Amino acid sequence: MQNNRKVVVIAGGASGIGRTTGFELANRGYRVACIDVNAEAGNQTVAELNEITDAAFFQCDLTKMDMIKTTIDRIAEHFGRIDALLCAAAITKHIRVMDITEANWDLYLTLDLKAQFFVSQACAPHMVKAGGGRIVHFSSMLGTIGDGKHILYGAAKAALHSMTRELAIDFWKDNIQVTAIAPAYVLTPLVARHLDEPGWKEKQLNAQLNTRMLYPEDIAKTIAFLVTCKTPALNGAVINTDAGVLCFRFKPKRMQVT
Amino acid sequence: MDHERKVAVVTGGAGTIGKEIVLRLASDGFAVCVLDADEVRGRETADAADALTKGAYFGYDAVRWQDAASAMDAVYRAFGRIDVLVNAAEVPGKCPAEEVTSEAFDRVMNVNVKGALFAAVAAASYMKRNEKGGCIVNISSIQGRIAIGEQVLYSASKAAVIAMTRELAVDLSPYNIKCNSLATWAVDTPETAEESGEMRDQVLSSMLLDRLIRPEEVSELVSFLVSDDSYCINGFDMPLDAGMTTFRIRPEHSYFDDEGKNYYN
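Heads up: the sequence lines are chains C and D, in that order. Positions in the first sequence are counted from 1; adding 64 to them yields this note's numbering. Take the second sequence: its position 103, counting from 1, is numbered 98 in this note's numbering, and each next residue is one higher.
Next up, chain D with everything else stripped away, as it sits in the complex (with noise of 0.2 Å):
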C-alpha cells in the first residue's frame, strides 16, 4: 500500500524549520524525504518521520543546484511518486550593500533561488504524471516585500523566490500543479538567533504579537498550503509575518484595563 501514500519532498529539511515541516507532513500522512546537505541531522530527521508514517533520507546541498534532478531521481525511484515539494532550504546573507562581494551574491542567489527553481522544475516532472497534479511551498521571507537593512542579498533572493514562485504558478498550471509561497518573519530559530539578537527589540515591536512567531506556526501553514483545503490559494506568497507589513509604529492600546480586566464588562 506504501506506494499508494503521498510523498513530499522537503528540501533543507534537517534545518530548524525544516524538520518542523517534514514532521508535520508525516503527521499529514505523507511519506517526507529530507533532503539536506547535514547528513546527521537529515537522517535524525527522515527516522523521527518514520516513526510517524514513512521517512527517507537524500544527501543533497542545495548550493549544489545542478544535483536536483538527480536527488528528486532518487527519490522518484525509492517512492514511486511525488505530490509535494516544499523548499525550505536557504542560506542567510546579511552584509552591507558596499561589502558585498561577486561569490556572496552567487553563494546566496545559488542556494535561494537557483536551487529553489531546480528542485522546483525536476519535482514537478514527475508531479505531472500524477492524476491530481502536486503542490509546491516555496518558503520566501517577508523581506521579498520590505527592507530592513544590511540585507540586500537574501532580500533580492526572496524576492526573487516569490516572483519565481507566480511564474512556476503559472507554466505548471495545465499539469494541475499549485504553487505558492510562505513569506515568514522573525521565526525562533538557533539559525537566526545571533543576527536577530542584537535587533531583537526592533523586531519585537515590528509585529503584531508579543513574542517571536515560532517554527510550527510555519509547519501549520504549509500544512494547510500543500492541502486540499487550499486549492482556491494559487501563484499567492501567503504572508506569515504578525502583522509585520500593516504599521510602521505599534500602538499599545488595550480593550484591557491594567488588571486584565476589559473595559466592557
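For reference, chain C alone in the conformation it holds in the complex (with noise of 0.2 Å):
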C-alpha cells in the first residue's frame, strides 16, 4: 500500500514556501522528496515531516544541471514514483542595473530559471511513467511587474511564465499540466525582519487588498491546490497568489491603512 502513495518533489524545500507546501502536501497524503544545498536545514525538515509522512532528503547543487538529473532518478528509484514537483528554489537580492556582472546574471538567471527548467525535463519522464502529473512553477509577480531592484529574478519570473505555457503545451498528451503561482508580498521568516520599521506594514497592506499580510501558508494552500485538483483543465496558468496586489493600482485614501 505504501508504494501507491503519490510522490511530490520539492527543489528548494528545506525553507519557506517550498518547506510550509512539504507540511500541507505530507498532511493530504502526499510522500515527499526534499531537495535542497543547505543539508542541516534540509535533514532538520524531513525528520519534522517524518513525524507525518515518509519523507527523504537529497543534497543537491541547482547550479549543476548533471546533479539535477542524478537527484531526480535518485528520488524516483527511492520512493517508486514521481507524482508532482515545486521547485521553490530561487536566489534574489536587491540589485540596481549599474552593479550587475556577467557573474550574477549567470548565477540568477540558473538558479532562477536555468534550474526549474532541469528540474521539471528531469521529473517529466518519471511522471508520464506514473500515468501523468503536476508542475508548479514558482513565479512571481516580479514576472509581471518592475520595482526597479530586481532586474535579474524578474527577468528570469518573466522567462518562467512563457516555460510554463510551453511545457504544458509539450506534454498535454502525456497527462502533465503545468502551472506556475506569482506571490507577492509574503511574510517569510526572511521578510518578517521589516516589520520592526515604521511605516512598512503600512505602506505593504496599502499595495495589496486583504486586510492581512500572506504567510506562507497561504501559499502552500494553493500550491496544494494545484497539485492535488482533480481536473486537468487549469493547466498553462500563472495563478496570482497575491492578495488582489497586480489586480489594482491605487485605492481611495479613505481605504487606507495609516
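These are computed hints drawn from the structure, not numbers from a lab. Check before you lean on any hint, since a few could be wrong.
[Stated by the list, open to error] A short, non-exhaustive set of chain D residues, derived as facing chain C with CB atoms under 10 Å:
1) A92
2) E93
3) E94
4) G128
5) N171
6) D223
7) D224
8) I228
9) F231
10) R245
[Said to hold, decoys possible] In silico lysine to aspartate or glutamate, EDC-like type, Cα no more than 16 Å apart, as pairs:
11) C:K193 / C:E141
12) C:K285 / D:D224
13) C:K237 / D:D224
14) C:K294 / D:E211
15) C:K315 / D:E162
Treat the numbers as computed from the prediction; the structure is a model and nothing was measured. Just so you know, even glycine gets a beta-carbon here, dropped at the ideal spot from N, CA and C.
Since each chain comes alone in its own frame, lean on the hints to assemble the complex.
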C-alpha cells in the first residue's frame, strides 16, 4: 500500500514556502522528496516531515544540471514514483542595473530559470511512468511588474511564465499539467524582519487588498490545491497568489491603512 | 446550530453548471440558497442540497436585476447570514455584430453584468456583518479575454464581469470580502450543446485536453475559490480553459509511442 502513495518533489524544500508546502502536502497524504543545497536545514525539515509522512532529503546544488538529473533519478528510485514537482528554490537580492556583472547574471538566471527548467525536464519521464503529473512553477509578481531592484529575478520570472505555457503544451498528451503561482508580499521569516521598520507594514497593506498580510501557509495551500485538484483543465496558467496586488493600481484614500 | 452554518447563495443555481456548484457547496458544508427563475428545477436542486446539508429555493430572475436586493433580503431573513455568493446566472448571446439589436444588447448586459453587480452589492451588504467577511465568485468566460467570432454581446458582457470583479475586490476589501472570477471555456452542458455543436472540432482542438470540460470541474474550482485555501487569491480572473489561451495551433506530439509505451522506458 505504502508505495501507492503519491510523491511530490520540492526543490528548495528545506526552508520558506517550499518547506511549508511540504507539510501541507504531507498532511494531504503525499510522500515528500526534499531537495536543497543546505543539508542541515534539509535534514531538520525531513525529520519533522517524517512524523507525518515518508520523507527523504536529497542534497543538490541546483547550479549543476547533471547533478539535478542524477538527484531526480535517485528520488524516483527511492520512492518508486514521482507525481508532482514544486521548484521553490530561488536567489534574489536588491541589485541595481549598474551593479550587475556577467557573473551575477549567470548565477541568478541559472538558479531562477535554468534550474527550474532542468528539474521539470528530469521529473517529466517519471511522471509519464506514473500516468501523469503536476508541475507548479514558483513565479512572482515581478514576472509581470518591476520594482527597480530585481531585474535579474524579474527577467527570470517573466521567462518562467513562457516556460510554464510551453511545458503545458509540450506535455499535454502525457497528462502532465503545468501551472505557476505568482506571490507578491509574503511574511517569510526573511521578510518578517522588516516589521520593525516604522510604516513598512502599512505600505505593504496599502499595496494589497486583503486586510492581513500573507504567510507561507497561505501560498502553500494554493500550491497544494494545484497539485491535488482533480481537474486537468487548470493548465498553462500563471495564478496570481498576491492578495490582489496586481489587480489594481491604487485605492481610494479612505480605504488606506495609516 | 443551523445559524452557525455558513450560507452560500448561487444565482442561476438551477442551470447545469449552477446545480453542480450548489451540490458541491452543500457537500462542502454550506447551507445553499438556489436563486433561479426556473421554479421546478430550482426546487429540485434545493431539495438535493437539502438532503446533503441544507438547501432552499428563492425565485429570482436575473434579467430583473432590480429584484437582487429583495432576493438577498429574503435569504438573509430565512438563514440569518450570507457568507458566499456565486454569480452563475447568465444568458448566451451568439449573434454576428451586424445583426445586434438594442434589445438583445440590453438583455445580455442586464443578466450577465447588471444582475451580477447588483446581486454582489446586495449580498456584500450582509457579508459586511460577518466577522470573517465573505467571498464572491463571478462566473466569467475565457471569451472575456479572447474572441471566437459572432459573440460580441456575450464576450463584451464577460469582459465587463472581469473588470467588475477587480473593482468589487477593491471596494469590498476593507470588509474582508474577497472577489474573484472564474473564466470557463467549453463546458459540456445541454444549454451550450446546440450552439457549440457545429464548431465541436474547433472547440476540441482549442484545448490541451481531449474532451470538453465538465460542470463538476467548474464546481471544484468554485469550491476552492470560496474556501480558506485560496485566501491569497483576490481580484483575479482564474482561467479554467484547459490551456486554450496558451497557444494557437496545437501540436499533436506525445512522449508516448503508438503502442502506449513511453519513449523513456
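Checked hints:
| no. | hint | verdict |
| --- | --- | --- |
| 1 | A92 | violated, 29 Å |
| 2 | E93 | violated, 34 Å |
| 3 | E94 | violated, 32 Å |
| 4 | G128 | holds, 8 Å |
| 5 | N171 | holds, 6 Å |
| 6 | D223 | holds, 7 Å |
| 7 | D224 | holds, 4 Å |
| 8 | I228 | holds, 6 Å |
| 9 | F231 | holds, 5 Å |
| 10 | R245 | holds, 8 Å |
| 11 | C:K193 / C:E141 | holds, 12 Å |
| 12 | C:K285 / D:D224 | holds, 5 Å |
| 13 | C:K237 / D:D224 | violated, 29 Å |
| 14 | C:K294 / D:E211 | holds, 10 Å |
| 15 | C:K315 / D:E162 | holds, 10 Å |
When the structure is compared with the earlier hints, violations turn up for hints 1, 2, 3, 13 and for no others.
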